[in-house]
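Undergrad: Sequence:
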Amino acid sequence: MSNKFKIKNFAEVQSFDSVEEIESALRSQYRGMHISISYASQKTGLLCSIFVSVNNDGAVFYTYGDESEVDFKKINLS
1 MSNKFKIKNF AEVQSFDSVE EIESALRSQY RGMHISISYA SQKTGLLCSI
51 FVSVNNDGAV FYTYGDESEV DFKKINLS
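The UniProt record's numbering applies: residue 1 is where the sequence shown begins, and numbers increase by one.
Since the hints were derived computationally from the structure, they do not count as laboratory data.
Watch out, some of these pointers could steer you wrong.
[Said to hold, decoys possible] Subject to a maximum C-alpha distance of 25 Å in a straight line, what follows is the list of computed SDA-like cross-link-like pairs (lysine to any residue):
#1 Lys4 with Ala25
#2 Lys43 with Tyr30
#3 Lys8 with Lys43
#4 Lys8 with Gly65
#5 Lys73 with Phe51
#6 Lys6 with Tyr62
#7 Lys4 with Tyr64
#8 Lys73 with Phe5
#9 Lys8 with Ser49
#10 Lys8 with Ser36
#11 Lys6 with Leu46
#12 Lys4 with Ser49
#13 Lys43 with Ala11
#14 Lys6 with Tyr30
#15 Lys74 with Ala11
#16 Lys73 with Tyr62
#17 Lys74 with Asp57
#18 Lys6 with Met33
#19 Lys43 with Glu23
#20 Lys43 with Val19
#21 Lys74 with Tyr30
#22 Lys43 with Phe16
#23 Lys6 with Val19
#24 Lys8 with Ala25
#25 Lys43 with Glu69
#26 Lys8 with Asp71
#27 Lys8 with Ser38
#28 Lys73 with Ile50
Work out the full structure: start from the sequences and follow the hints.
TA: Spelled out as structure tokens, the structure:
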């Protein structure tokens, strides 16, 4: 399946096929920004979104809640 994931930054939308592509794009193109990642849940097929902030060093954190660093291996993106 292609373009399973989307990074949304207001009107700008980029589609990706893998979590690795998302991580690379966030760290290289979205430093200092707050964006959302949309994907279909593996369990239900429903559209899910997470909101993240990328600091100037390229680390990715949840925008809301405990604002911890995002571990892409632990969230159900794949």
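Undergrad: Does each hint hold? Answer for all of them.
TA: Hints versus structure:
1. Lys4 with Ala25: holds, 15 Å
2. Lys43 with Tyr30: violated, 29 Å
3. Lys8 with Lys43: Given that 25 Å is the threshold and the Cα spacing comes to 23 Å, the pair holds.
4. Lys8 with Gly65: At roughly 20 Å apart (the allowed maximum being 25 Å), Gly65 and Lys8 satisfy the hint.
5. Lys73 with Phe51: Roughly 16 Å separates the two Cα atoms, so the pair holds.
6. Lys6 with Tyr62: holds, 16 Å
7. Lys4 with Tyr64: Holds, because 23 Å separates the two Cα atoms, which is no more than 25 Å.
8. Lys73 with Phe5: holds, 15 Å
9. Lys8 with Ser49: holds, 10 Å
10. Lys8 with Ser36: Holds. Lys8 to Ser36 sits at ~5 Å (cutoff 25 Å).
11. Lys6 with Leu46: Between Lys6 and Leu46 the Cα gap is close to 14 Å, so the pair holds against 25 Å.
12. Lys4 with Ser49: With Cα atoms ~12 Å apart, Lys4 and Ser49 stay inside 25 Å; holds.
13. Lys43 with Ala11: violated, 28 Å
14. Lys6 with Tyr30: holds, 13 Å
15. Lys74 with Ala11: violated, 28 Å
16. Lys73 with Tyr62: holds, 14 Å
17. Lys74 with Asp57: Holds, at roughly 22 Å.
18. Lys6 with Met33: holds, 15 Å
19. Lys43 with Glu23: holds, 22 Å
20. Lys43 with Val19: holds, 17 Å
21. Lys74 with Tyr30: Given that 25 Å is the threshold and the Cα spacing comes to 21 Å, the pair holds.
22. Lys43 with Phe16: Distance of about 20 Å is within 25 Å: holds.
23. Lys6 with Val19: holds, 10 Å
24. Lys8 with Ala25: With a Cα-Cα distance of about 12 Å, the restraint between Lys8 and Ala25 holds, given a limit of 25 Å.
25. Lys43 with Glu69: holds, 24 Å
26. Lys8 with Asp71: Distance ~19 Å between Lys8 and Asp71 Cα, so the pair holds.
27. Lys8 with Ser38: holds, 8 Å
28. Lys73 with Ile50: Holds, at roughly 14 Å.
In summary, the structure is inconsistent with hints 2, 13 and 15 from the numbered list given earlier, while agreeing with the others.
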